[in-house]
Amino acid sequence: MSLRFDIRKCVAWAPGLESDEDWRLWQQGEKALTDELSLPQLTSIPAMQRRRLSPFAKIALHCALEASGEYQANIPCVFSSRHGDLHRTTKLIESIALSKDLSPTQFGLSVHNAAAGLFSIFTGNRAPLSAIAGGQSSFMQGLLDAVAKLEANNLSRILYVYCDLHVPECYRPYVVDDTSIGIGLLIEATEDENNAYNLSYNAVEDTLGSDCQALNFMGFILSNESQLLTNIHQQTWLLRRG
Amino acid sequence: MSDLNHEIKLLIIEALDLEDISVDDIDDDAPLFVDGLGLDSIDALELGVAIKNAYNIKIDGNTEDSKKYFYSVKTLSDYIQISK
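Protein chains in written order, with the UniProt record's numbering: chain A, 1 to 242; chain B, 1 to 84.
The reader is advised that the hints may include incorrect statements.
Simulated crosslink set (BS3-like; lysine-lysine; CA at most 30 Å straight-line) [claimed, not checked]: (1) B:LYS84 with B:LYS58; (2) A:LYS91 with B:LYS58; (3) B:LYS52 with A:LYS91; (4) B:LYS67 with B:LYS84; (5) B:LYS74 with B:LYS52; (6) B:LYS84 with A:LYS91; (7) A:LYS149 with B:LYS67; (8) A:LYS100 with B:LYS74; (9) B:LYS52 with A:LYS100; (10) A:LYS100 with B:LYS67; (11) B:LYS84 with A:LYS100.
For the record, the hints were derived by calculation from the structure and aren't laboratory data.
Quantities reported herein were computed from a predicted structural model and do not represent experimental measurements.
Bound-form chain A, shown alone:
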């Protein structure tokens, strides 16, 4: 089965790649990811609220706000992340190890749906919202969840936000293809078969894949390629144009 949809807007943020122009140059091989991750300013959020945002939350919210634009107050959303705000969670675990009391702010904002919840609070958005994690396939699983909801609920549009950050030092030996990246997509229903994307998924015997799906997706969306095929563990994801 294949699900059809249109991508009306794509906003992404990664170390050294912040604007549409940066990403265009990256796709053409004229710009590369850097080591230093700078953070979006988020000037639309009041300073007293902004101070509680972690780097993870800032990047996820930037992508969510920019991609949803005029629809941000009422658009249904799907947020996806493999690790969530692991830097916050790690600080909590370290506090427990040191028998220190936990920071209530860190605790409250470490849950997997924290960025989605913050987005809903800042925009006053009360539409259905979910936060998912799907291992190394988190980008594609989240996209699948978003386009399946678009189809099943006959929505005109849905916001999809994916975000992961380079994991904290102590987890690095266990994680491959670890890239800091946030992507926000304004996804719309479409009847136009020629200007649409189709996503399909197959379970396969066994494949060994370790690509960063989110980066591959950015490479595909900015290109003229007709399809993006990714294999991860026992899953094959196919995203086709037209």
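Once you have looked at the hints, place chain B on chain A.
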């Protein structure tokens, strides 16, 4: 300014991520919550934990007494001194 007051101001700025505020911006006698610095109820919890971690002094939750101690830098500093 007493050393303890200075220390408490630094603790407040650090524990509550008040990036744009310096020690000089916080008045010893000004209210910390709502008016004055404009902190909220999550900040009160956070500050309670920070004080417990730094001075090993526990200020009980939402009681009339705790509201008095949390009123300003001065009241917090006085409470920490008598509790040490």
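Right, here's what the structure says about each hint:
1. B:LYS84 with B:LYS58: With Cα atoms ~11 Å apart, LYS84 of chain B and LYS58 of chain B stay inside 30 Å; holds.
2. A:LYS91 with B:LYS58: Distance of about 22 Å is within 30 Å: holds.
3. B:LYS52 with A:LYS91: Between LYS52 of chain B and LYS91 of chain A the Cα gap is close to 18 Å, so the pair holds against 30 Å.
4. B:LYS67 with B:LYS84: It holds: about 19 Å lies between the C-alpha atoms, which stays within 30 Å.
5. B:LYS74 with B:LYS52: holds (17 Å)
6. B:LYS84 with A:LYS91: Holds. LYS84 of chain B to LYS91 of chain A sits at ~28 Å (cutoff 30 Å).
7. A:LYS149 with B:LYS67: violated (47 Å)
8. A:LYS100 with B:LYS74: holds (26 Å)
9. B:LYS52 with A:LYS100: holds (9 Å)
10. A:LYS100 with B:LYS67: holds (24 Å)
11. B:LYS84 with A:LYS100: Answer holds: LYS84 of chain B to LYS100 of chain A is near 19 Å, not above 30 Å.
Hint compliance for this structure: hint 7 is the single one not met.
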